[in-house]
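Using the sequences and the accompanying hints, generate a full structural model.
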Amino acid sequence: MNHQLDRLLAAYCAPTLAGIKPASLVSCSRSAHPNLPQQLQTYRQAFAARGIRFDILCACPGRFLLLVYHHGQLARCLSDRRVQRVLAQAGYPTGAPLGTLLDTLRGRMAAQQDFPHEIGLFLGYPVEDVIGFIRHGGRGCKLCGYWKVYGDAEAASRLFDRLSRVCQAVKRRIEQGETLLEVFAAA
Numbered sequence: 097m098n099h100q101l102d103r104l105l106a107a108y109c110a111p112t113l114a115g116i117k118p119a120s121l122v123s124c125s126r127s128a129h130p131n132l133p134q135q136l137q138t139y140r141q142a143f144a145a146r147g148i149r150f151d152i153l154c155a156c157p158g159r160f161l162l163l164v165y166h167h168g169q170l171a172r173c174l175s176d177r178r179v180q181r182v183l184a185q186a187g188y189p190t191g192a193p194l195g196t197l198l199d200t201l202r203g204r205m206a207a208q209q210d211f212p213h214e215i216g217l218f219l220g221y222p223v224e225d226v227i228g229f230i231r232h233g234g235r236g237c238k239l240c241g242y243w244k245v246y247g248d249a250e251a252a253s254r255l256f257d258r259l260s261r262v263c264q265a266v267k268r269r270i271e272q273g274e275t276l277l278e279v280f281a282a283a
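Counted from 1, the sequence shown has number 268 at position 172 by the working numbering; the numbering is strictly sequential.
Hints were generated in silico from the structure; no laboratory data involved. Small disclaimer: the values here were computed from a predicted structure and weren't measured. Backbone N, C-alpha and C fix where the C-beta goes; we use that ideal spot for every residue, glycine too. Fair warning: there could be bad hints in the mix.
Said to hold, decoys possible - Below, simulated SDA-like cross-link-like pairs (lysine to any residue); rule was C-alpha separation at most 25 Å, straight line:
#	residue 1	residue 2
1	Lys244	Gln185
2	Lys244	Ser260
3	Lys244	Pro222
To be verified - Label pairs and their calculated CB-CB ranges:
#	residue 1	residue 2	range
4	Ala171	Ser253	20 to 30 Å
5	Arg268	Thr190	37 to 47 Å
6	Ala207	Ala145	28 to 38 Å
7	Asp199	Ala265	14 to 24 Å
8	Pro193	Cys154	18 to 28 Å
Now the structure itself:
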């Protein structure tokens with residue numbers, strides 16, 4: 097395993113790997129991880145039985161944008177009627193399977209200069225927070241943490257604390273010499 101990649105995934109994807117969040121997004125520098133597509137094969141094999149996927153959404157000149165997600169959890173999140181309405185307004189096919197939605201997201205990322213804000217739905221952010229971010233252009237939020245909160249700030253604050261604790265615990269174990277696969281018993 098690549099200890100540097102384990103540290104990066106622990107810092108940004110631990111809540112997803114722990115089953116708390118449906119998906120996480122991490123930017124991987126091409127200079128630090130030039131062989132990322134090949135390195136991901138080991139993670140894909142180790143975590144496949146748990147439904148965890150590692151997909152490169154974007155292979156830009158300077159970086160890879162990696163989506164780590166739990167297939168079943170993410171599919172359920174994106175099938176919510178309110179989420180479907182927001183995605184349809186952004187041009188996603190209604191009722192499409194997860195693979196099609198991810199392909200549409202990839203296409204939108206490639207076609208536009210700005211980051212598609214509906215990506216928050218793919219990361220499991222509350223729909224009211226994603227709508228609020230889009231509507232207010234990222235301004236005027238109630239709380240800023242893992243995302244900008246426009247809905248229930250108290251619930252988001254509790255979740256932010258939980259996400260931080262999980263990241264810290266996993267990072268600590270990685271720094272003590274365990275691999276990501278050992279931490280999540282995927283080895």
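Here is what the structure says about each hint:
no.: 1; hint: Lys244 x Gln185; in the structure: holds, 21 Å
no.: 2; hint: Lys244 x Ser260; in the structure: holds, 16 Å
no.: 3; hint: Lys244 x Pro222; in the structure: holds, 10 Å
no.: 4; hint: Ala171 x Ser253: 20 to 30 Å; in the structure: holds, 28 Å
no.: 5; hint: Arg268 x Thr190: 37 to 47 Å; in the structure: holds, 43 Å
no.: 6; hint: Ala207 x Ala145: 28 to 38 Å; in the structure: holds, 35 Å
no.: 7; hint: Asp199 x Ala265: 14 to 24 Å; in the structure: violated, 34 Å
no.: 8; hint: Pro193 x Cys154: 18 to 28 Å; in the structure: holds, 21 Å
Violation of the numbered hints given earlier is confined to hint 7; every other hint is satisfied by the structure.
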